[in-house]
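When you get a sec, could you build the whole thing from the sequences and use the hints?
Number of protein chains: 2
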Amino acid sequence: MSDYVIGVDLGGTRLRSALMDDDLGILFRQEVLTQAEQGFDATYARLVAAIRAVWPETNVPVRGIGISIPGPTNPFTGVVELGTNLAGWHGIGLARLLKDEFGVPVFLGNDANVAALAEGARGAAVNYRHIVFVTVSTGIGGGIIVDGRMLLGEQGLAAEVGHMVMIVDDQVSTLEKEAAGPALARKARARIEAGAISRMHDMVNGDLAKITGKVVGMAANDGDPLAREIVSRAGFVLGCGMVSLLHTFNPEILVFGGGVSTIGPLLFDPMREAIQKYCIDDAYWKTLRIERAALGENVSIVGAGALVITRGGVEDLSAARARLE
Amino acid sequence: MSDYVIGVDLGGTRLRSALMDDDLGILFRQEVLTQAEQGFDATYARLVAAIRAVWPETNVPVRGIGISIPGPTNPFTGVVELGTNLAGWHGIGLARLLKDEFGVPVFLGNDANVAALAEGARGAAVNYRHIVFVTVSTGIGGGIIVDGRMLLGEQGLAAEVGHMVMIVDDQVSTLEKEAAGPALARKARARIEAGAISRMHDMVNGDLAKITGKVVGMAANDGDPLAREIVSRAGFVLGCGMVSLLHTFNPEILVFGGGVSTIGPLLFDPMREAIQKYCIDDAYWKTLRIERAALGENVSIVGAGALVITRGGVEDLSAARARLE
Chain X
57 MSDYVIGVDL GGTRLRSALM DDDLGILFRQ EVLTQAEQGF DATYARLVAA
107 IRAVWPETNV PVRGIGISIP GPTNPFTGVV ELGTNLAGWH GIGLARLLKD
157 EFGVPVFLGN DANVAALAEG ARGAAVNYRH IVFVTVSTGI GGGIIVDGRM
207 LLGEQGLAAE VGHMVMIVDD QVSTLEKEAA GPALARKARA RIEAGAISRM
257 HDMVNGDLAK ITGKVVGMAA NDGDPLAREI VSRAGFVLGC GMVSLLHTFN
307 PEILVFGGGV STIGPLLFDP MREAIQKYCI DDAYWKTLRI ERAALGENVS
357 IVGAGALVIT RGGVEDLSAA RARLE
Chain S
57 MSDYVIGVDL GGTRLRSALM DDDLGILFRQ EVLTQAEQGF DATYARLVAA
107 IRAVWPETNV PVRGIGISIP GPTNPFTGVV ELGTNLAGWH GIGLARLLKD
157 EFGVPVFLGN DANVAALAEG ARGAAVNYRH IVFVTVSTGI GGGIIVDGRM
207 LLGEQGLAAE VGHMVMIVDD QVSTLEKEAA GPALARKARA RIEAGAISRM
257 HDMVNGDLAK ITGKVVGMAA NDGDPLAREI VSRAGFVLGC GMVSLLHTFN
307 PEILVFGGGV STIGPLLFDP MREAIQKYCI DDAYWKTLRI ERAALGENVS
357 IVGAGALVIT RGGVEDLSAA RARLE
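From first to last, the protein sequence lines are chains X and S.
For the first sequence, the positions run 57 to 381 when the numbering used here is used.
For the second sequence, the positions run 57 to 381 when the numbering used here is used.
Where hints are given, some of them may not hold.
If several chains are the same, the list does not tell them apart, and a pair holds so long as it fits within one copy or across any two.
As the list claims (entries may be wrong) - Dumping the calculated EDC-like pairs for lysine to aspartate or glutamate here, alpha-carbon to alpha-carbon at most 16 Å:
id: 1; residue 1: Lys233; residue 2: Asp278
id: 2; residue 1: Lys333; residue 2: Asp225
id: 3; residue 1: Lys270; residue 2: Asp258
id: 4; residue 1: Lys333; residue 2: Asp226
id: 5; residue 1: Lys243; residue 2: Asp263
id: 6; residue 1: Lys266; residue 2: Asp338
id: 7; residue 1: Lys266; residue 2: Asp79
id: 8; residue 1: Lys155; residue 2: Glu329
Source of the hints: derived by calculation from the structure; they are not laboratory data.
The structure displayed is predicted, hence computed values, not measured ones.
Written as structure tokens, this is what we have:
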């Protein structure tokens with residue numbers, strides 16, 4: 057343990073940066089507003105400043121900079137394909153720009169992949185080697201660790217589990233379209249418009265457009281029958297999606313992050329039921345752990361640091377850490 | 057290239073064994089009937105004899121024995137959990153038994169995983185590092201190579217892609233239940249019983265129980281409209297399953313084996329359409345190769361040899377081969 061690592065969480069709203077030790081312990085961190093609407097030049101300048109703000113003043117070398125990107129990112133070329141909620145971030149060769157600026161290696165990863173790496177390095181899945189991480193919020197994203205290494209695929213586009221097809225009917229629908237926050241809200245609105253009685257109507261003062269996934273989750277936990285039915289159905293569909301992932305990856309642990317997952321047992325109980333009902337063998341779930349994400353708002357910073365340690369998620373995390381010690 | 061490798065294809069009908077060089081070129085092979093109905097002791101004795109029959113007579117060392125198993129197998133413990141169509145093969149510690157018998161390392165793998173490894177080593181996917189192999193016959197199985205290494209999961213139960221959930225409705229259905237051979241046959245029977253006109257009726261002399269996936273495929277390629285509709289629908293569902301796998305793995309190549317895949321374009325054209333329609337970004341399919349399996353009846357033997365080279369699929373195939381040279 058000698059060198060420093062810098063991790064950056066480039067979010068659509070907040071830009072967080074931190075100086076970490078090799079073990080990904082945060083030594084110093086800071087946070088500013090991204091002000092992403094000001095466009096690429098302004099946001100990029102703020103990013104450079106955020107890195108400088110945590111740059112060590114001693115002579116201890118910085119091993120590299122890792123950046124968590126909200127959107128499709130190619131970790132091999134270091135190009136941000138599309139920054140979600142980042143105006144003007146399209147096809148940006150960010151790793152090269154920052155390497156020229158700071159003279160150290162720079163590694164990029166999309167936020168869900170980075171979160172999975174973080175939970176495996178210091179969070180809910182420490183010491184596991186077969187990890188499926190799923191974040192359920194306005195969308196459904198994922199990050200998957202296969203035998204200690206991040207699953208990237210040819211172009212770094214893997215682990216987009218929200219786009220698994222769940223319904224093949226006259227219409228095709230995906231996990232995200234059935235179980236993310238907007239799906240909960242859409243279903244609640246449709247049912248109330250069709251005459252269903254629910255306290256959600258009063259929670260938004262009759263303005264049904266204001267129903268969100270969060271509103272549905274709150275109403276469900278307050279005992280509203282319609283909200284409970286919708287959450288239960290989402291949990292069931294989520295469970296069917298997990299059935300696909302368990303058969304495909306045979307992981308040791310599922311970790312859930314994202315706002316919708318805070319609904320808790322009303323979502324997860326039907327999910328477990330679906331898993332136990334539809335896996336072809338109980339070996340897929342008998343020793344499976346199901347956990348909530350543990351790292352909170354530092355998840356992307358820690359994961360960005362883990363990108364540096366694993367050289368973009370290409371190396372085995374535990375082996376990379378052992379090598380450093 | 058110095059040592060020998062022995063590969064065995066333990067099938068429910070045929071038992072094939074071969075002596076190979078380090079590059080998995082077959083030097084000598086033989087084949088006997090498995091006579092699996094005679095039970096474990098008889099089949100095991102036949103397996104030992106099949107290995108002896110190809111054992112080298114020179115002093116060149118045998119690096120190990122690889123065995124392709126038809127059914128769930130734990131590659132880490134070397135236990136055959138359940139041999140499909142192999143009477144009495146349940147919870148058999150086969151690797152240990154054969155190691156005691158022959159004094160060399162023994163590696164097991166289930167047949168679909170082994171086939172994927174074979175196609176990556178010497179077949180349709182040579183030199184690719186991100187491979188999804190799918191076999192469509194009486195069931196749907198899979199084998200997946202992630203960045204050069206076989207995807208095994210915690211207990212070696214990964215890559216069971218036929219059990220991905222494809223329909224969440226009042227009933228839940230899977231890829232296998234919708235697109236494997238028996239699904240084609242079931243749908244054809246149901247439609248004909250409901251009054252649909254089809255040459256399939258005459259092909260089985262009116263005995264609808266005799267309709268198989270093969271009959272449906274033949275009728276489709278002969279221009280029968282009902283058979284074409286059923287095959288097209290299966291191709292579409294298969295395509296939706298591939299959409300899930302492309303988003304999850306971002307592979308360079310899809311390889312298809314199994315009898316149903318011999319139906320050809322009537323199956324694969326609608327599959328490609330679904331892929332292009334439902335992937336969120338054309339990067340998932342623009343440079344994607346879609347190929348038929350290339351190794352034919354030697355696929356399991358070659359894959360069993362590749363198990364030895366990669367120590368059960370744990371090591372990177374190309375690195376393992378490079379190390380040997």
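#### Entry: Index of numbered hints that the structure contradicts, given in increasing order
1, 6, 7, 8
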